[in-house]
Amino acid sequence: MSNSSVNNMSQTAQPSADGNNQVDAYRRRFMGAITGTVAAAAAITLVPGVFLREVHAADVTPRPEDQPADAKIRWGMLIDTRRLTDGGESMVEACKKEHGWGNDPKARPDQQAQWIRTVKVTDKLTKNSFTLPVMCQHCETAPCVDVCPTGASMKRADGIVQVNKHTCIGCRYCMMACPYKARSFVHEPLTDQLPHSPRGMGTVESCNMCVHRVDKGQIPACAEAAPQAVIFGDLNDPESRISRAMKALGGEQIRGDLGLNTGVRYLNI
Amino acid sequence: MSSKIITYSEVGAGKGFYTLLAIFAAICAVGFFAFLYLEHEGHYVTGMNNQIVWGLPHVFAIFLIVAASGALNIGSIGTVFRKKIYQPLGRLSALLAISLLVGGLVVLVLDLGHADRLIIAMTHYNFKSIFAWNIILYNGFLGLVGFYIWTMMDRKLKEAYPYAGFMAFTWRLLLTMGTGSIFGFLVARQFYDAAIMAPLFIAMSFSLGLAVFILVLFASYKWTGRELGDLIINRLRYLLAIFIAAVLFFELMRHLSNLYATEHHGVEWFILRDGGVYTQLFWIVQIFLGSLVPLSLIFCRFLAGNRLSLVIAAGLVILGGFAQLYVILIGGQAFPLVLFPGADVESSYFDGVTNSYSPSIWEIMLGLGGVGLAFLMVTIGVKVLRFLPESLSDGIVDKAR
Amino acid sequence: MMFSKIKSMLLLPLMLPMLLVAFLAGCDASPPEINLATAKEKAEQCVEPTEDMRRNHMVYLNEHRDETVIAGIRTKKHSLNECINCHVSATKADGEALHYPDQEHFCASCHTYAGVKIDCFQCHADRPQVLDNSDYKHKLSANSYHEMSAKKQPLNMADMLLVTGDKGAVQ
Chain A
10 MSNSSVNNMS QTAQPSADGN NQVDAYRRRF MGAITGTVAA AAAITLVPGV
60 FLREVHAADV TPRPEDQPAD AKIRWGMLID TRRLTDGGES MVEACKKEHG
110 WGNDPKARPD QQAQWIRTVK VTDKLTKNSF TLPVMCQHCE TAPCVDVCPT
160 GASMKRADGI VQVNKHTCIG CRYCMMACPY KARSFVHEPL TDQLPHSPRG
210 MGTVESCNMC VHRVDKGQIP ACAEAAPQAV IFGDLNDPES RISRAMKALG
260 GEQIRGDLGL NTGVRYLNI
Chain B
140 MSSKIITYSE VGAGKGFYTL LAIFAAICAV GFFAFLYLEH EGHYVTGMNN
190 QIVWGLPHVF AIFLIVAASG ALNIGSIGTV FRKKIYQPLG RLSALLAISL
240 LVGGLVVLVL DLGHADRLII AMTHYNFKSI FAWNIILYNG FLGLVGFYIW
290 TMMDRKLKEA YPYAGFMAFT WRLLLTMGTG SIFGFLVARQ FYDAAIMAPL
340 FIAMSFSLGL AVFILVLFAS YKWTGRELGD LIINRLRYLL AIFIAAVLFF
390 ELMRHLSNLY ATEHHGVEWF ILRDGGVYTQ LFWIVQIFLG SLVPLSLIFC
440 RFLAGNRLSL VIAAGLVILG GFAQLYVILI GGQAFPLVLF PGADVESSYF
490 DGVTNSYSPS IWEIMLGLGG VGLAFLMVTI GVKVLRFLPE SLSDGIVDKA
540 R
Chain C
7 MMFSKIKSML LLPLMLPMLL VAFLAGCDAS PPEINLATAK EKAEQCVEPT
57 EDMRRNHMVY LNEHRDETVI AGIRTKKHSL NECINCHVSA TKADGEALHY
107 PDQEHFCASC HTYAGVKIDC FQCHADRPQV LDNSDYKHKL SANSYHEMSA
157 KKQPLNMADM LLVTGDKGAV Q
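Protein chains in written order, with our numbering: chain A, 10 to 278; chain B, 140 to 540; chain C, 7 to 177.
Rather than coming from a laboratory, the hints here were simulated on the basis of the structure. Glycine residues also receive a C-beta, built at the ideal position from the N, C-alpha and C atoms. Certain hints may be false.
As the list claims (entries may be wrong) - Taking lysine-lysine and the DSSO-like style, the derived pairs with C-alpha atoms no more than 30 Å apart in a straight line are:
hint	chain 1	residue 1	chain 2	residue 2
1	B	Lys267	B	Lys538
2	A	Lys133	C	Lys98
3	C	Lys83	A	Lys81
4	A	Lys105	C	Lys83
5	C	Lys98	A	Lys106
Unchecked claim - Ranges between beta-carbon positions, derived for each pair:
hint	chain 1	residue 1	chain 2	residue 2	range
6	C	Met59	A	Leu203	49 to 57 Å
7	B	Arg412	A	Thr135	39 to 47 Å
8	B	Arg412	A	Pro118	23 to 31 Å
9	B	Asp413	C	Gln135	44 to 52 Å
10	A	His205	B	Ala165	13 to 21 Å
11	A	Asp95	C	Thr97	32 to 40 Å
12	A	Glu102	B	Ser495	22 to 30 Å
13	B	Ser396	A	Asp246	40 to 48 Å
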């Protein structure tokens, strides 16, 4: 766990610790963070399961199409595993649909691309278990970006880590370097790709936080598929929903010990 | 200077030469065919997948690259450390170094997802990537060793010879460190993330390079009917023993330091005890056949001066080194990534399970193609230029000393 | 990409004499049918003057792809997707899906003739996916669109030379 999330956790009352009261209190706070106003939080806890989709409009503001990605922004995602009733399966399905991976005709199962997957984690001693979606964690200091010989594995100004397939030579060193197994290699010629998500033989690919949607002012497809559990937004803006939620509740990294400062954070892992 | 006594000459163009040429060219062609097939079909026809991303071609490539830098050692001992007895071998050692490196690089490049974009690898550099540095190191190595050969062959450049030898030697140390660091710099992988990978690879290059050199020396002298004396052979024999011991030492250090850290117990028990084929390759092929048996062959009193025993020892060292690289590369990837320390993980993406890998015929063909290319280059080299001393009999070698 | 450009540069000296021979032979020297028949209705004018596009479309595309992928600039003017949407028909005459390897594909029809090899469509969609919008108009700027006309303009020999006969075209 990094220093920053230690601080966050110590400022709050250890939300996920124990006891139903604390869980409820935590839930109210998460809802508050999700809706952005205390009043809305109260309204929503009265009617569970009803959410105002409009609130997402504020998470990503549309950028004029002739403007480059803003270096002041760092896009990130906070995923509450307890609010994912399906462990994140809907997020995986949304990603498949958005980017068209997962059914390459010739590849063996171990050669299929997986931009996002659900991982079931069971503690060896306590047998406590939870499921979470794992995809590219959009590290601040990404090992895949460091090792790429041509600079094809790159981090955009706004923190999104992606593969520039125009310069990818298919050496797969980034796949060796990624601690999250977030990358896939396309093992066969493809046709009928989706226009907004090019993918093809001999290049490496991974979650790009739906860069084509974010640039249009939309949130990533997976975040849209699980609005009750996922907040997408600008980690650099202290007033954004995600920043306020993380300040109140924390946001853990997978393999935080590696010090990569990931852009995808989790609650209750 | 040795060149006054030693005369070098090209090998003759007999039937044997053309047979050899044809065999190596055929192996090359097989490798090239495999490349065309992979390039057209994609990597789904290989045993590699999204878990084992580097497979048999990379084992072949790294073996050849590591052996290449080691093969240059014979020349370096003569030039840099002024051991004159090694100087007559300098030309062949440099030729072998260049050939093995080219063979290895070709395999590495032809396995790329986009081998056609080699020009991008040469024009877009990410200087934080050890891989990008390696591209520079490989190209520099070829240039420097080429110049080194030139200084050995052209009397006009005799004064540059020690400097060229020193530069080539320094460069080759950097190159092997770079190759080792490809693995040493991978924080994500339990089996790799260690600085000791760099010196381990240097030690490996010493022993593998020498073993290949011994075999090439024996073959070329036997097949051309030139004399090879015991004096030089015994030098190489004990040198090989020292290098085998050095590799064992670094391997021992690596596993001991891993075993001390609880974090690495999982991967260590996997390689040393539970890893199936990787465990067998490690203990039986790498340690027993590839290290202990050759050491016994070299030091066995009854086999002193026995040439066949040295040839077998060198062959076993090569076999053991190949197994060692296979265990490091494939075994290291077969062990699952640790996403959550202290927890079991399962997913549709093979998290938490031992990844399986069985190489396809195409990968074997591609890898062998690189070996074929390397030896094709050596065969042509000794034919067109004066790489081989006409005689390395004890009398001549002793005078050259 | 650069590789293919270099290859096409190497091809140029070979192709020029061949074209000349074709001229000298006189009879039946018309260029092969450049099949734009199944392409969508061609606009009066492309995003740049037609001659400029024939020479330099690859330059525009390369610049635009780097701006888009690396910087995130998503203007439509030089976007490959928009080229495809406007120029390429989704289906062949017989109703089957049209792909780049087919000779009727707008890009392939000329690239085959000019001996250009590209790898764009290894990853990118090679057919328009605006099937639900047959009146699709290419947006040129905030308030101007392509004027679609029903007039077909088959390429003639002079056009072909513009593409293949000038070194400046393929650099």
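**Hint numbers not upheld by this structure, sorted from lowest to highest** = 1, 2, 6, 7 and 10
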